[in-house]
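**Student:** Next come the chains, spelled out residue by residue.
Number of protein chains: 2
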Amino acid sequence: MKKINFKDKLQKFSDQWSPKVIAELNNYQFKLVKIQNDFVWHKHDDTDEVFIILKGKIFIEFENETVELNEGEMIVVPKGTKHRPYAKKEASIMLVEPRGVLNTGDIVDEMTAPNDQWI
Amino acid sequence: MKKINFKDKLQKFSDQWSPKVIAELNNYQFKLVKIQNDFVWHKHDDTDEVFIILKGKIFIEFENETVELNEGEMIVVPKGTKHRPYAKKEASIMLVEPRGVLNTGDIVDEMTAPNDQWI
Chain A
31 MKKINFKDKL QKFSDQWSPK VIAELNNYQF KLVKIQNDFV WHKHDDTDEV FIILKGKIFI
91 EFENETVELN EGEMIVVPKG TKHRPYAKKE ASIMLVEPRG VLNTGDIVDE MTAPNDQWI
Chain B
31 MKKINFKDKL QKFSDQWSPK VIAELNNYQF KLVKIQNDFV WHKHDDTDEV FIILKGKIFI
91 EFENETVELN EGEMIVVPKG TKHRPYAKKE ASIMLVEPRG VLNTGDIVDE MTAPNDQWI
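Those protein sequence lines, which keep their order, are chains A and B.
Take 31 as the starting number for the first sequence in the working numbering and just add one per residue.
Take 31 as the starting number for the second sequence in the working numbering and just add one per residue.
Treat the hints with care, as some may be off.
Repeated chains share a single entry, so a pair holds when one copy, or any two copies, can fit it.
Said to hold, decoys possible - Calculated cross-link-like contacts (lysine-lysine; reagent style DSS-like; alpha-carbon spacing at most 30 Å): (1) K37 with K87; (2) K109 with K87; (3) K32 with K112; (4) K118 with K73.
These are computed hints drawn from the structure, not numbers from a lab.
Keep in mind the model is a prediction, meaning the values are calculated, not measured.
Please work from the sequences and hints to get the whole structure.
**Tutor:** Here it is in structure tokens:
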């Protein structure tokens with residue numbers, strides 16, 4: 031039985047906007063991501079997406095509002111909802127979503143990260 | 031868009047071993063639980079189960095080992111695996127598992143909590 035320590039895992043990578051898988055629950059993945067500056071507007075048509083803030087502060091811009099999220103907070107972005115995460119300083123977050131979800135959702139561009147990168 | 035603050039949610043209840051739902055991701059639920067002393071040996075035949083430690087220290091006893099988990103750590107208990115969580119002092123954890131999972135799994139006894147209690 032192997033436990034997972036978030037701080038230890040966060041020390042294993044430094045690239046931003048590139049989710050790293052740390053665990054699977056059935057067909058769902060828990061992924062750590064370091065983010066800074068702006069991401070691309072996108073949506074996930076087939077699934078909700080959970081953001082849990084482990085360190086720092088992030089913002090998620092929606093079409094009608096922007097939500098600020100700090101360490102110890104989470105949000106569920108409902109499927110099909112356009113959103114754009116960003117952070118002024120580097121922040122570390124955990125995503126929870128089904129295996130196979132692309133970070134840029136319905137968009138493929140230079141921010142699209144390889145999937146299923148385990149650390 | 032409603033964000034969720036773990037500390038705020040933890041202040042909303044004081045009973046132990048009684049999971050409170052704070053969010054849903056598709057058909058999965060995120061549940062907060064305060065635990066102390068011993069729980070019952072049980073397993074979940076149909077699903078893995080994630081434990082994320084938000085505050086304090088817990089132990090999960092398996093048939094061949096006991097794992098200690100501290101704040102900032104998580105573990106995936108694979109489906110069908112007998113386990114018994116316990117905590118020497120009160121600890122606060124978050125469970126992630128499909129909607130409808132009973133806290134005592136394949137056992138029904140006085141520790142079995144009502145399901146789907148939202149806070």
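**Student:** Now look at each hint and say whether the structure bears it out.
**Tutor:** Hints, one by one, checked against the model:
In the homo-oligomer, the alpha carbons of K37 and K87 lie at most 30 Å apart both inside one protomer (16 Å) and across protomers (16 Å), since each shortest distance falls under that limit. Taking the shortest Cα distances, K109 and K87 sit within 30 Å of each other inside one copy (23 Å), while across copies they are farther apart (34 Å). For the homomeric pair K32 and K112, the shortest alpha-carbon distance between copies (15 Å) is at most 30 Å, but the shortest distance inside one copy (36 Å) is not. Taking the shortest Cα distances, K118 and K73 sit within 30 Å of each other inside one copy (22 Å), while across copies they are farther apart (44 Å).
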